[in-house]
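2 protein chains.
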Amino acid sequence: MSEKSTVTTDNNSACTDGCVKLPNPHLSTLDHDALFHIQVPLHDTDTLKDFSKIKFVCIGGTPGRMKLLAQKLARELNLTKCQDNSKEDNFDYAFTTERYSGFKVGPVFCVNHGIGQPSVAVVLHEVFKLLQAAGCSNVTLIRIGTCGGIGLEPGTTVITSGVLTAGFKEVYVTSALGRPLELPVKVDPELVREISSCASDNGNLDLKVKVGKTFCAEDFYQSQGRLDGSFCDYSKEDQICFLNKLQSSGVCNIEMESAAVLALAHKVQIRAAVICVVIVNRLKCDLPSLTAEEMSQIESYPLELVTRYIKRHFSKGD
Amino acid sequence: MSEKSTVTTDNNSACTDGCVKLPNPHLSTLDHDALFHIQVPLHDTDTLKDFSKIKFVCIGGTPGRMKLLAQKLARELNLTKCQDNSKEDNFDYAFTTERYSGFKVGPVFCVNHGIGQPSVAVVLHEVFKLLQAAGCSNVTLIRIGTCGGIGLEPGTTVITSGVLTAGFKEVYVTSALGRPLELPVKVDPELVREISSCASDNGNLDLKVKVGKTFCAEDFYQSQGRLDGSFCDYSKEDQICFLNKLQSSGVCNIEMESAAVLALAHKVQIRAAVICVVIVNRLKCDLPSLTAEEMSQIESYPLELVTRYIKRHFSKGD
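Those protein sequence lines, which keep their order, are chains A and B.
Residue numbers for the first sequence follow this note's numbering, beginning at 1 and rising by one.
Residue numbers for the second sequence follow this note's numbering, beginning at 1 and rising by one.
Mixed in with the good hints there might be a few duds.
Just so you know, same-sequence chains aren't split out, so a pair can sit in one copy or run between any two.
The calculated lysine to any residue pairs, modelled on SDA-like cross-linking and capped at a C-alpha distance of 25 Å, are [what the hints assert, rightly or not]:
1) LYS49 - THR97
2) LYS236 - LEU27
3) LYS236 - LEU181
4) LYS21 - GLN239
5) LYS236 - HIS26
6) LYS169 - GLU182
7) LYS284 - HIS37
8) LYS169 - PRO184
9) LYS213 - LEU181
10) LYS72 - SER200
11) LYS311 - SER296
12) LYS213 - GLU76
13) LYS169 - PRO180
14) LYS284 - ALA34
15) LYS284 - ARG308
16) LYS311 - SER248
17) LYS169 - ASP233
18) LYS213 - ASN78
19) LYS210 - PRO154
Rather than coming from a laboratory, the hints here were simulated on the basis of the structure.
Note that the structure is predicted; figures quoted are calculated from it, not measured.
Extracted from the complex, chain A is given alone in its bound form (with noise of 0.2 Å):
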């Protein structure tokens, strides 16, 4: 699985059993080490032990939607210990944290990871660190989310084929030390492949899958060019010129944690895909219109179709 993460350039350590090794080499020489915002203790060798099998890490916006897919997993992976719903406890493991939620069933741990390029780096280094200290070896990692989609309609799901940030460059801006960083972004086009194959998995439901760029944006109103902010600085046609340059680019849809989501897992050899179901046209209006029961019903897509990867994974015995 891992030497198929198109790992091109970088001072990552190779790692040819497809375990997680870190490219950090101070974590060896600490005196003290922990996971200071989701708080999973990095020293318990019981829950180390337990978190070893993990092979799939999916994160999302909400503790809620993250809750979901773990209980829609444990139902279809038939994994028992964790069936009955009724109970709050029905997970291997779960932290709650007020930044940050996670819960374990079987081989998927599914973590929240709030707005923002930013509060998904924090949680992912964090995971990514549990991941090693637990032994754990090849594990994808799967961000489902929302968007707004470029000429798509409510309800398709898409998978990123690649991921264009402000200045229509494919890199993670941050930084370092006080200096800017851009981090390259790297989709794995076989991962991209697989999951779009499981569009049509289960003959009740054909999901509408498209795959296609993600333009990944700061915030949700001037970087995602819409006209409904505290403040706007453009017109109208301006607005349309952008969508119409994000169109002719192959962006199909425009959301906030792609580019980190890419960047960060290809910085430490794990491979990574990005799912998110468009809530709004944005070709047609800036405002999702969608009542409560239609956004439940489009926000079960993407976990529909990470279940069936996931579910299609383990039934080939991987």
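Got chain A; can you put chain B on it based on the hints?
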């Protein structure tokens, strides 16, 4: 960066009577408008009437801390309607979504903002729109939070006198229409002085307050010069050099939201301040090592300082 996007000053609409008047000409022409993330109704006249008297918006990372602040303010401002802490509904108005929660007590609205500048930008855009819709005037925005200290010990409360971001520039870096956008970060020195002068308002607890610059980072690890992230591309010596450079630049603390808060507030002409308490002295170590009790105690200091400031404001009959 395109010349169109370099908004460095202030096409803000002037508003001489202190009313919130947002610099977005499109808002008055929208067919339909709503606050997508906070879900406070924008067209309910009773709600807007209730919000029209807001004079302070307090924001902080977690819902729990903002609820604590709202309860404390209710007690100390003698807002009897809100004083029964045993009740869940002891606020004038409260909302809870999976993203953000808010608690209104009299003239103060306390809202959580999550982690990082994108997350705080989303909620601020919507809170500013609410303030305008409600016809609010002379509003002050205060962020409370935690931070790493530069040469300051845990428990010291830092009031931000200026913000540096990556590249050691005093700007909030975001984007608009696919182009990088730098917005100026402005501090109100008078507001900083007013808040600072409240440090000894209560004989029982002299708060240790420091006024100084803040470095606003993109993540908790490399952006803040830590060695204990999932990857690290620099040496211990590089780290020391970075932290020393911060100190010689007058930086007292590091956090993740100040630039966006002060730039966005300035953009809409709302005065704003940032108050963060130190939870680790970064010149000594990377990982905070406070007990849960110590953390809880220390996190109460910015709540205490902002409460004293708001209390003093209303005791003056402003």
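Checklist entry - For LYS236 vs LEU181, is the C-alpha pair at or below 25 Å within one copy, between two copies, both, or neither? => result Between. Shortest inter-copy distance 18 Å satisfies the 25 Å Cα cut-off; intra-copy 33 Å does not.
Item to check | Intra- versus inter-copy proximity for SER200 and LYS72 (alpha-carbon distance at most 25 Å) | outcome: within (18 Å within a copy, 54 Å between copies)
Item to check | Intra- versus inter-subunit Cα pairing at 25 Å for LYS49 with THR97 | outcome: Classified as within: same-chain Cα gap 22 Å, cross-chain 35 Å, threshold 25 Å.
Checklist entry - How do LYS284 and ARG308 come out at 25 Å by Cα distance, when the copy is not named: within, between, both, or neither? => result neither (31 Å within a copy, 48 Å between copies)
Item to check | Within, between, both or neither: LYS311, SER296 at alpha-carbon 25 Å | outcome: For LYS311 and SER296, only the intra-copy Cα distance (22 Å) is at most 25 Å; the inter-copy one is 43 Å.
Checklist entry - With identical chains treated as interchangeable, where does the CA-CA distance between LYS21 and GLN239 reach 25 Å or less: within a copy, between copies, both, or neither? => result between (44 Å within a copy, 22 Å between copies)
Next on the checklist: Regarding LYS169 and ASP233, is the shortest C-alpha distance of 25 Å or less found within a copy, between copies, in both, or in neither?
Outcome noted: The answer is both: 23 Å in one copy and 22 Å across copies each meet 25 Å.
Checklist entry - At most 25 Å between C-alpha atoms: does LYS210 with PRO154 qualify within a copy, between copies, both, or neither? => result Result: close within a single copy only, 12 Å intra versus 50 Å inter.
Next on the checklist: Checking an output row: LYS169 and PRO184, CA cutoff 25 Å. Within, between, both or neither?
Outcome noted: both (9 Å within a copy, 24 Å between copies)
Checklist entry - Which holds for LYS169 with GLU182 at a C-alpha limit of 25 Å: within a copy, between copies, both or neither? => result Intra 10 Å, inter 17 Å, cutoff 25 Å: intra and inter.
Checklist entry - Between copies, within a copy, both or neither: which fits LYS236 and HIS26 at Cα up to 25 Å? => result So LYS236 and HIS26 pass the 25 Å test across copies only (9 Å; inside, 50 Å).
Checklist entry - How would you classify LYS236 and LEU27 at a CA-CA limit of 25 Å: within, between, both, or neither? => result Between copies only: 12 Å across, 50 Å inside.
Of the numbered hints given earlier, the model fails hints 12, 15, 16 and 18; all others are met.
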